[in-house]
Every structure is written in C-alpha cells, then in structure tokens.
Amino acid sequence: MSDLLTCTNITKRFGGLVAIDDVSFSIQKGETLGFIGPNGAGKSTMVNVMSGYLKTDAGKIVLDSVDITTMPPHKRVHQGLARTYQIPRPFPELTALMSVITASLCGKDRKNQSFEDAAGDATHYLEFVGLFSKRNILARDLTFFELRMLELARALATTPKVLFIDEVMAGLNPGEASSAVKMVVKAKEQFDLTIFWIEHVMAVLVEAADRIVAIHYGQKIAEGTPDEVVNNDTVIEAYLGKGWRNYA
Amino acid sequence: MVDIEIKRDRIVIRWKGKKWDWMIEPRYWRNSIYWTIALILFPALAYFFSPGLVNTMVSANIYAAIAIPLALMTVGTGRINFGPNFYVGVGGYVAALLSIHMGLSPWLTLPLAVLMSAFFALLFSPLVIMAKGLYYVLLTLLLPLVFLEITFIYTGLFKGDVGLFGIELLFDLGGAKLNFLAAAYVSAAIMVLFLLITNKILKSRYGLIMAAINDDEEVAHGIGVNINKVKVLTFVGASAMIGVMGWFMAHYFGTFSGITYLPMTYMLKILLVFMVGGRAQVFGCVAGGYFVAFLEEFLIRVMGDFQAVAFPIILLILLFVLPRGEGLFGLYRKRHYREYMPQIHVRR
Chain A
2 MSDLLTCTNI
12 TKRFGGLVAI
22 DDVSFSIQKG
32 ETLGFIGPNG
42 AGKSTMVNVM
52 SGYLKTDAGK
62 IVLDSVDITT
72 MPPHKRVHQG
82 LARTYQIPRP
92 FPELTALMSV
102 ITASLCGKDR
112 KNQSFEDAAG
122 DATHYLEFVG
132 LFSKRNILAR
142 DLTFFELRML
152 ELARALATTP
162 KVLFIDEVMA
172 GLNPGEASSA
182 VKMVVKAKEQ
192 FDLTIFWIEH
202 VMAVLVEAAD
212 RIVAIHYGQK
222 IAEGTPDEVV
232 NNDTVIEAYL
242 GKGWRNYA
Chain B
13 MVDIEIKRDR
23 IVIRWKGKKW
33 DWMIEPRYWR
43 NSIYWTIALI
53 LFPALAYFFS
63 PGLVNTMVSA
73 NIYAAIAIPL
83 ALMTVGTGRI
93 NFGPNFYVGV
103 GGYVAALLSI
113 HMGLSPWLTL
123 PLAVLMSAFF
133 ALLFSPLVIM
143 AKGLYYVLLT
153 LLLPLVFLEI
163 TFIYTGLFKG
173 DVGLFGIELL
183 FDLGGAKLNF
193 LAAAYVSAAI
203 MVLFLLITNK
213 ILKSRYGLIM
223 AAINDDEEVA
233 HGIGVNINKV
243 KVLTFVGASA
253 MIGVMGWFMA
263 HYFGTFSGIT
273 YLPMTYMLKI
283 LLVFMVGGRA
293 QVFGCVAGGY
303 FVAFLEEFLI
313 RVMGDFQAVA
323 FPIILLILLF
333 VLPRGEGLFG
343 LYRKRHYREY
353 MPQIHVRR
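Order-wise, the sequence lines are chains A and B. If you're matching positions, the first sequence starts at 2 in this note's numbering and goes up one per residue. If you're matching positions, the second sequence starts at 13 in this note's numbering and goes up one per residue.
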C-alpha cells in the first residue's frame with residue numbers, strides 16, 4: 002500500500018490559539034483512517050485545512066504526489082478530494098437531483114460531459130444512497146437523515162479518491178446511524194475510495210477503521226490500529242481526565 | 013356535431029372523434045406566441061388611441077431590460093447589487109460624450125459603451141469576491157452616488173447641472189409620434205433579446221451552477237465550482253447588458269443627464285421592478301417592469317402630484333401582499349419542483 006494523502010507538520014493558529022500544532026500523518030490507498038479526539042481537539046479544523054477552506058500556517062499537504070497545500074477548494078476537488086459536513090449543508094432551493102447534477106458537472110474538469118450525461122450520472126448516485134424516489138423534492142423539504150445521504154451522494158458524484166466524512170452519526174437515531182455507517186462502508190467498496198473518517202462515537206470507528214489517529218489540543222497523541230489507540234493511556238486520559246485510574 | 017364542454021381551467025371542443033383543448037386560466041398560457049402578438053400589437057394600437065401609452069411602454073421595456081440582467085447578476089453572484097444604475101450612467105455618458113464630441117454614430121458608440129461598462133464592472137468586480145452582505149450593498153449603493161458627484165464636480169465635461177444634449181438620435185422618422193413608435197419596437201426587441209439570453213443562461217448548466225452559488229457559496233466551492241470565475245463573469249456580463257440600456261436612453265432621448273438616472277430614486281424603482289415582478293425571476297422582471305411603468309402613468313393621471321407619495325407605498329404594500337415573495341410572476345407561473353426558484357439571501 003502506498004501513501005495517497007500525506008500531511009506533514011500542519012500548523013494552524015487562530016490568533017494566539019494554536020488549533021493544530023505540528024500534526025503529521027498519512028492516509029494509505031484503500032484504507033479507512035479514523036480521526037478522533039475530545040471536543041475542541043481540532044478535528045474539524047483539520048478537515049477544513051485539508052479541504053482548503055482554511056489556509057495552513059505551516060506544513061505541506063500532498064495528494065497522490067501533487068502538492069495541494071495552496072490550492073483553492075475547487076482545485077482540490079478536481080484533484081480528487083471530497084467532503085461532507087458535520088451539519089448537512091444542502092442547497093436548500095435545489096432539488097435532490099439538481100444538487101447531485103451540479104456536483105457531477107463541477108467535480109472534475111470533464112470537457113465532453115453534457116448536462117444529460119451528468120443527469121444520468123447523478124441518478125446513479127442518488128439511487129445508490131436510496132434517494133431516487135425523492136429526486137424531485139427540494140432539499141429543504143428532506144429529513145435530516147436524507148440530507149446526510151444527499152451530502153454523501155453529492156460528495157460521491159465528484160468521483161473522489163479520498164472522502165472526508167465529518168461525523169456521519171451526529172444527530173441521527175441509532176437505526177439511522179447504523180444504516181448511515183453501512184452506506185459509507187458500501188460506498189467505500191463500490192467506488193474504491195479511501196476514507197478519512199472523523200467520529201465522536203468510538204464504537205463505530207473501532208469496527209470500521211483500519212487505523213486511528215487521535216489528537217488532543219491540536220497535537221497528535223496516538224496513532225495505530227483501533228485496539229492500540231483505544232487502550233492507549235494518553236487517549237483515555239484525554240477523554241476521561243488524569244484521575245481516571247482511581248475510578249477504573 | 014361539435015360538442016363544447018367548459019371545465020374549470022379549459023374549454024374542451026370535440027368534433028368527429030377529434031379533441032381540442034383551450035386553456036382559459038392565464039397561468040397556463042405558456043404559449044409565447046400570445047405574448048409576442050401582444051407585444052407587437054400594443055404599440056400599434058396605442059399609437060392610434062393614446063400615443064402617451066407608447067412612451068409608457070418604452071419606459072416599461074427599459075425598466076425590464078435593466079431588471080433582467082440584474083436578476084441574472086443576483087443569482088450568479090449570490091448578492092443583490094444596489095447600484096445597477098451606475099452602469100446605466102456609464103453606458104449613457106460614454107455614448108453621449110462620444111456622439112457629441114467625436115460625432116460617432118449610434119452604431120459605433122454601442123460597442124464602446126458596452127466595452128466601457130464591462131471595463132468598469134471588471135474594475136469593481138473584486139467586490140463580489142471580497143464584500144458580503146451589508147458591505148456589498150453599501151459599496152454598490154455608493155458607486156452611482158459617487159458618479160453623480162463626479163458629474164457635478166467635472167461639470168464642464170459631464171454637464172451635471174444641465175445635462176448633455178445634442179446627441180445623435182437612434183432614428184429620425186420625421187415626427188415625434190413615429191419616433192416613439194419605432195423606439196417602442198426597438199426597446200421591446202432589446203428587452204426580448206435580453207430575456208431570451210438570460211433565460212437560456214439560467215436554464216443551462218451555468219444557470220444550475222449559479223443557483224448553487226446563490227444557495228451556498230462555500231459548499232459550491234467545496235464541490236468543485238470555480239466560484240470566483242462564475243461570479244466575476246456574471247457580474248461583468250450583466251453590467252455590460254445594463255450599459256446597453258444607458259446607450260439606448262442617450263440615443264433615444266437625445267439628451268442624457270446623470271441626475272435622472274444616478275440618484276437613489278431611479279435605483280429604487282429598478283429594485284422594486286425586480287422585487288414586485290418576482291424575486292430574481294427573469295420573466296417576472298418583464299411583468300414588474302410593465303406593472304410599475306403603467307401604474308406610475310396611471311397614478312400621475314389620477315392623482316397628480318400626490319403620485320410621488322402613493323406610488324412607492326403601493327409598491328411596498330404589494331411586496332407583502334403578493335404570494336410568498338414570488339411577486340406578480342407567482343400568480344402566473346406553474347409551480348413544480350424541478351424548476352429552480354431563486355431565494356435572495358443577504359449574507360452576513
């Protein structure tokens with residue numbers, strides 16, 4: 002396995018606050034990399050930096066041997082990087098089908114793709130996530146779970162190499178959450194994706210991830226297989242506090 | 013025998029196993045032939061019955077032709093430009109000055125007016141990238157007012173106090189009434205051309221991309237849309253289209269003065285056309301343009317001076333009364349989900 006995406010010494014400061022402090026890791030082709038940390042650890046900042054919404058103060062991001070550190074978001078998408086949002090951000094006035102068509106049209110620089118091609122393409126992705134019957138409904142009228150799935154379809158329609166998933170389970174009930182997780186796993190198999198998965202719920206990542214990176218206060222505290230990370234003292238300390246052994 | 017059945021929305025005619033439908037509800041009159049015939053017949057009829065109405069029609073066409081590019085710009089940049097009349101001023105002054113000082117014919121001043129409007133739009137296009145929400149509104153609002161000041165400061169060139177006159181007319185058919193008639197057709201042609209171009213753009217893939225930008229700029233950027241390119245191109249293109257109307261007005265009236273087009277009152281009228289017709293709907297702009305121009309004319313005839321007070325109040329009330337902010341066009345359009353219905357967002 003080779004490194005698909007490499008982040009080297011990423012640092013991001015907001016004024017005096019160091020949100021990400023010298024974090025380095027790499028994602029290998031075809032794996033699912035879990036990314037965990039307590040509240041405010043800098044997980045979402047990391048995704049924003051990697052997808053180009055925030056500029057890094059230092060460090061380097063390389064995707065498939067292309068340096069994307071200074072690229073604007075849309076060029077990173079063309080390079081094969083897609084993301085979903087923690088709180089779904091659909092296009093409220095577009096129908097489900099239209100928003101996926103937009104993603105299909107713009108996701109890559111396809112010179113010969115007509116509008117109809119994109120529509121056919123989009124239909125496939127909508128069917129995949131189970132929204133085909135809702136294709137002509139405005140996104141603002143969809144339920145929360147359907148919005149999640151719409152976002153996944155929109156991200157898949159850009160034909161990414163790496164998919165960033167920002168808390169797929171947040172705000173879903175247990176039944177919906179498990180089908181959302183299954184959908185992500187299915188998408189990974191069908192579309193040959195590499196997944197960078199941020200999650201609060203440890204149990205999901207232990208099941209689904211191949212490797213996990215844990216951060217705390219913007220610093221990487223652990224990296225390894227799920228079992229190693231879950232049993233790592235520093236990680237437990239970050240979640241539960243220093244005196245956790247007294248109560249264990 | 014011929015069998016005629018009248019239903020709620022249509023008349024059904026049956027004869028020997030054949031069937032014809034005739035829609036009676038106006039919202040189903042989708043056939044553009046009706047409207048084209050109305051557009052062609054109206055000035056010709058008004059010419060004989062009430063020539064003043066021809067002039068009203070010209071101003072209606074001008075309002076609509078300024079509001080249509082503004083609608084395109086609003087959707088494509090995701091922001092409301094509060095100074096569309098700046099480009100009317102630029103186009104008009106370029107046409108007027110070139111015609112007076114260099115004796116250029118209207119057909120030569122047209123491309124120059126368009127180019128100059130596009131140039132100024134390009135100069136101010138960083139606004140659509142940098143400024144958002146209230147700041148964008150304030151900055152665009154300021155542009156025509158600053159230009160108005162400049163016409164007064166450099167009054168030797170711009171004649172801010174008396175206005176420029178002696179501009180070569182677009183056509184001279186020998187008689188004011190005939191000129192009005194010709195202007196009505198030319199302005200209607202420009203308006204319809206703008207309507208078709210804008211509608212074509214909005215219905216194409218670029219329209220979809222613009223819709224995505226209007227809904228959520230950041231997310232559009234995050235699915236691979238080059239938002240800055242789209243926004244700047246829309247801004248420049250639409251501004252150039254508005255500049256054409258400045259050119260038309262300069263050559264139609266033969267005079268041009270900034271004080272008529274650059275102050276807030278004219279800008280408000282354009283924005284009301286744009287809102288009353290239906291939020292950022294291109295066809296709504298035509299409905300709004302005609303409604304506003306004819307209401308203004310009607311109120312002047314009925315109320316006299318009190319019109320200046322009543323007119324904006326009536327329009328503002330209409331904004332609240334008309335269906336769900338969809339404006340006049342909302343009464344007519346068929347509602348179906350596939351269609352993109354732009355919502356105007358003012359972002360922080």
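Derived from the structure by calculation, the hints contain no laboratory data. Please read these numbers as outputs of a predicted model, since none were measured by experiment. Here a beta-carbon is modelled for each residue, glycine too, at the ideal position from N, C-alpha and C. Don't take every hint at face value.
[Stated by the list, open to error] Derived SDA-like pairs (lysine to any residue); straight-line CA-CA distance at most 20 Å: (1) 109(A) to 212(B); (2) 215(B) to 162(A); (3) 215(B) to 93(A); (4) 76(A) to 215(B); (5) 187(A) to 241(A); (6) 189(A) to 80(A); (7) 56(A) to 212(B); (8) 76(A) to 230(B); (9) 109(A) to 160(A); (10) 162(A) to 136(A); (11) 187(A) to 124(A); (12) 212(B) to 160(A); (13) 135(A) to 122(A); (14) 187(A) to 168(A); (15) 241(B) to 110(A).
[To be verified] Here are the simulated distance ranges between beta carbons: (16) 119(B) to 114(A): 48 to 54 Å; (17) 131(B) to 39(A): 51 to 57 Å; (18) 47(B) to 116(A): 55 to 61 Å; (19) 59(A) to 329(B): 53 to 59 Å; (20) 128(A) to 218(B): 33 to 39 Å.
Evaluated hints:
{"no.": "1", "hint": "109(A) to 212(B)", "result": "violated (24 Å)"}
{"no.": "2", "hint": "215(B) to 162(A)", "result": "violated (31 Å)"}
{"no.": "3", "hint": "215(B) to 93(A)", "result": "holds (18 Å)"}
{"no.": "4", "hint": "76(A) to 215(B)", "result": "violated (25 Å)"}
{"no.": "5", "hint": "187(A) to 241(A)", "result": "violated (33 Å)"}
{"no.": "6", "hint": "189(A) to 80(A)", "result": "holds (18 Å)"}
{"no.": "7", "hint": "56(A) to 212(B)", "result": "violated (37 Å)"}
{"no.": "8", "hint": "76(A) to 230(B)", "result": "holds (14 Å)"}
{"no.": "9", "hint": "109(A) to 160(A)", "result": "holds (8 Å)"}
{"no.": "10", "hint": "162(A) to 136(A)", "result": "violated (25 Å)"}
{"no.": "11", "hint": "187(A) to 124(A)", "result": "holds (17 Å)"}
{"no.": "12", "hint": "212(B) to 160(A)", "result": "violated (28 Å)"}
{"no.": "13", "hint": "135(A) to 122(A)", "result": "holds (16 Å)"}
{"no.": "14", "hint": "187(A) to 168(A)", "result": "holds (17 Å)"}
{"no.": "15", "hint": "241(B) to 110(A)", "result": "holds (14 Å)"}
{"no.": "16", "hint": "119(B) to 114(A): 48 to 54 Å", "result": "violated (40 Å)"}
{"no.": "17", "hint": "131(B) to 39(A): 51 to 57 Å", "result": "holds (54 Å)"}
{"no.": "18", "hint": "47(B) to 116(A): 55 to 61 Å", "result": "violated (27 Å)"}
{"no.": "19", "hint": "59(A) to 329(B): 53 to 59 Å", "result": "holds (58 Å)"}
{"no.": "20", "hint": "128(A) to 218(B): 33 to 39 Å", "result": "violated (26 Å)"}
In summary, the numbered hints that this structure violates are 1, 2, 4, 5, 7, 10, 12, 16, 18, 20.
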